[in-house]
Amino acid sequence: MKILIVSQYFWPESFRINDLAADFVRRGHDVTVLTGLPNYPEGALNEDYRRDPAAFSTYMGARVVRVPHVLRGTGKISLMLNYLTYFLSASTVGAWKLRSRHFDVMFVYAVSPITAAIPAIVLGRLKKAKVFLWVLDLWPETLSAVGIVKSDRLLRTIGVMVSAIYKRCDYILIQSRAFLESVSRHSPDSRGKIVYFPSWAEDVFSQSSDVTQDVLVRDDSVFTVMFAGNMGEAQDFPAILDAVELLKHDTKIRWIVVGDGRLRAWVAEQIAARDLGAAISLAGRFPVEAMPSFFACADALLVTLKTNEIFSQTIPGKVQAYLAAGRPIIGMIDGEARRVLEQSGGGMVCASGDSTGLGDIVLRMSGMPAPELTAMGAQARVFYKQFFDRDTQFAKLESYFYSATKGQTLAGDSLDADGVAGEVTK
Numbered sequence: 253m254k255i256l257i258v259s260q261y262f263w264p265e266s267f268r269i270n271d272l273a274a275d276f277v278r279r280g281h282d283v284t285v286l287t288g289l290p291n292y293p294e295g296a297l298n299e300d301y302r303r304d305p306a307a308f309s310t311y312m313g314a315r316v317v318r319v320p321h322v323l324r325g326t327g328k329i330s331l332m333l334n335y336l337t338y339f340l341s342a343s344t345v346g347a348w349k350l351r352s353r354h355f356d357v358m359f360v361y362a363v364s365p366i367t368a369a370i371p372a373i374v375l376g377r378l379k380k381a382k383v384f385l386w387v388l389d390l391w392p393e394t395l396s397a398v399g400i401v402k403s404d405r406l407l408r409t410i411g412v413m414v415s416a417i418y419k420r421c422d423y424i425l426i427q428s429r430a431f432l433e434s435v436s437r438h439s440p441d442s443r444g445k446i447v448y449f450p451s452w453a454e455d456v457f458s459q460s461s462d463v464t465q466d467v468l469v470r471d472d473s474v475f476t477v478m479f480a481g482n483m484g485e486a487q488d489f490p491a492i493l494d495a496v497e498l499l500k501h502d503t504k505i506r507w508i509v510v511g512d513g514r515l516r517a518w519v520a521e522q523i524a525a526r527d528l529g530a531a532i533s534l535a536g537r538f539p540v541e542a543m544p545s546f547f548a549c550a551d552a553l554l555v556t557l558k559t560n561e562i563f564s565q566t567i568p569g570k571v572q573a574y575l576a577a578g579r580p581i582i583g584m585i586d587g588e589a590r591r592v593l594e595q596s597g598g599g600m601v602c603a604s605g606d607s608t609g610l611g612d613i614v615l616r617m618s619g620m621p622a623p624e625l626t627a628m629g630a631q632a633r634v635f636y637k638q639f640f641d642r643d644t645q646f647a648k649l650e651s652y653f654y655s656a657t658k659g660q661t662l663a664g665d666s667l668d669a670d671g672v673a674g675e676v677t678k
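Our numbering runs 252 ahead of the 1-based position in the sequence shown.
It is possible that part of the hints are untrue.
DSSO-like cross-link-like pairs, simulated, lysine-lysine; straight-line CA separation at most 27 angstroms [unchecked claim]:
hint, residue 1, residue 2
1, Lys254, Lys504
2, Lys328, Lys254
3, Lys658, Lys648
4, Lys380, Lys637
5, Lys648, Lys637
6, Lys380, Lys328
7, Lys500, Lys254
8, Lys402, Lys328
9, Lys658, Lys637
10, Lys504, Lys328
11, Lys254, Lys380
12, Lys402, Lys380
13, Lys254, Lys402
14, Lys328, Lys658
15, Lys637, Lys419
I should point out that these hints are in silico values taken from the structure, not numbers from a laboratory. Keep in mind it's a predicted model, so treat the numbers as computed, not measured.
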């Protein structure tokens with residue numbers, strides 16, 4: 253098959269779509285990626301790309317087509333311009349660059365912004381190709397939840413746009429069953445084409461990696477809690493720092509943050525202002541291939557989301573990565589992600605925003621015998637293999653593509669209005 257992946261974010265940015273593109277190439281498909289300029293999460297153009305753009309024109313056998321747009325920057329206005337200019341550029345410049353190419357399937361990697369689907373819809377009509385939209389963030393709800401958009405009128409306008417996007421996609425894949433209500437509400441006629449398709453962990457999290465790091469070493473004399481990933485509004489760092497402060501005099505506990513994001517400078521300022529430097533460290537951002545070497549230094553992995561109805565419907569991608577890594581998990585989180593973690597038996601969970609509860613869990617885990625922690629991590633790994641296995645997910649998606657291009661019934665974990673699994677027909 254000839255597959256076009258449409259994603260505003262792609263390598264050298266670290267997103268799961270990189271993994272999907274590489275795997276579909278390995279499966280013998282002709283893969284092209286329509287994407288933007290790498291500038292996530294810092295907001296500035298990736299330095300390696302700046303020095304040699306040509307080096308990033310292919311990825312593991314997939315052709316990479318990039319279009320110009322405004323970079324994310326550090327403010328809300330530049331972020332909205334980034335969203336706007338990407339989909340306009342991808343719909344016009346991208347269509348021109350791909351004018352002589354044929355595709356069987358368009359696959360949209362729809363983390364924010366959902367507007368990334370518009371170029372795929374345009375190209376899908378031009379190329380007469382099926383469009384699959386993988387919804388990983390709910391719009392316009394996410395915009396309201398993180399405070400980017402506060403105007404009710406604007407949110408309603410964006411809702412109309414979302415409805416139009418859903419209507420024009422052939423299939424809508426949702427990463428969480430809790431997304432069904434929102435997707436159905438914005439586009440009632442989409443119910444017959446909604447498929448449950450959860451995320452997975454990159455291979456590196458379930459295998460040994462040759463990529464090492466010299467920033468952190470394992471220290472069995474302390475209990476290490478590690479947060480890995482984006483440092484943004486949604487991750488509720490104020491509550492995390494409150495928990496750190498509660499335990500800052502316990503020298504047997506250390507907190508490590510591996511990652512970067514829009515709140516990094518604020519977090520660093522708070523660490524200094526609260527005199528938390530001895531308790532928590534910011535290790536910085538590293539390639540995903542280096543994460544197993546960091547996880548090997550952790551006794552527990554931390555996932556958090558702010559208290560919010562919309563966030564409670566989301567399963568952060570790091571949940572699958574943590575489960576696959578086979579390490580005990582600590583969650584300060586609500587909703588679907590909490591349900592998954594509790595069902596896995598691979599960790600302990602408290603409510604979103606409950607810094608006291610988070611501190612209590614860390615204190616409790618730090619006193620657990622090593623074999624008990626090992627067993628907890630092993631249970632997390634078993635649960636991952638049962639419900640989120642990467643190879644199983646990719647094979648399922650491949651079968652969806654084949655069925656859609658042949659006009660056949662799409663048999664899979666589809667959902668009706670009540671969230672009951674069945675088959676999708678088209």
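Going through the hints against the structure:
At roughly 54 angstroms between alpha-carbon atoms, Lys254 and Lys504 are farther apart than 27 angstroms, so this suggested pair is violated. Between Lys328 and Lys254 the CA atoms are separated by roughly 37 angstroms; this puts the pair beyond 27 angstroms, and the hint is violated. This hinted pair checks out: Lys658 and Lys648 have alpha carbons roughly 16 angstroms apart, not beyond 27 angstroms. For a cut-off of 27 angstroms, the pair hint linking Lys380 to Lys637 is broken: about 36 angstroms separates their Cα positions.
In summary, the hint linking Lys648 to Lys637 is supported, as the alpha carbons are separated by about 15 angstroms, within the 27 angstroms threshold. A threshold of 27 angstroms between alpha carbons decides the hint, and for Lys380 with Lys328 the separation of about 36 angstroms lies outside it, so the pair is violated. With a C-alpha separation of about 54 angstroms, the suggested pair Lys500 and Lys254 falls outside the 27 angstroms cut-off, and the hint is violated. Restraint check: the Cα-Cα separation between Lys402 and Lys328 comes to about 12 angstroms, which is no more than 27 angstroms; the hinted pair holds.
For the hint linking Lys658 to Lys637, the alpha-carbon distance of about 30 angstroms lies beyond 27 angstroms, and the restraint is violated. Proximity of Lys504 to Lys328 is assessed by CA-CA distance (about 40 angstroms); at most 27 angstroms being required, the pair is judged violated. Between Lys254 and Lys380 the CA atoms are separated by roughly 12 angstroms; this keeps the pair inside 27 angstroms, and the hint holds. For the proposed pair Lys402 and Lys380, the alpha carbon gap of about 38 angstroms is over 27 angstroms, so the pair is violated.
Restraint check for Lys254 and Lys402: the C-alpha separation of about 41 angstroms exceeds 27 angstroms, so the hint is violated. Between Lys328 and Lys658 the alpha-carbon distance is near 43 angstroms, which puts this suggested pair outside the 27 angstroms criterion. For the hint pairing Lys637 with Lys419, the CA-to-CA distance comes to about 34 angstroms; that exceeds 27 angstroms, so the pair is violated.
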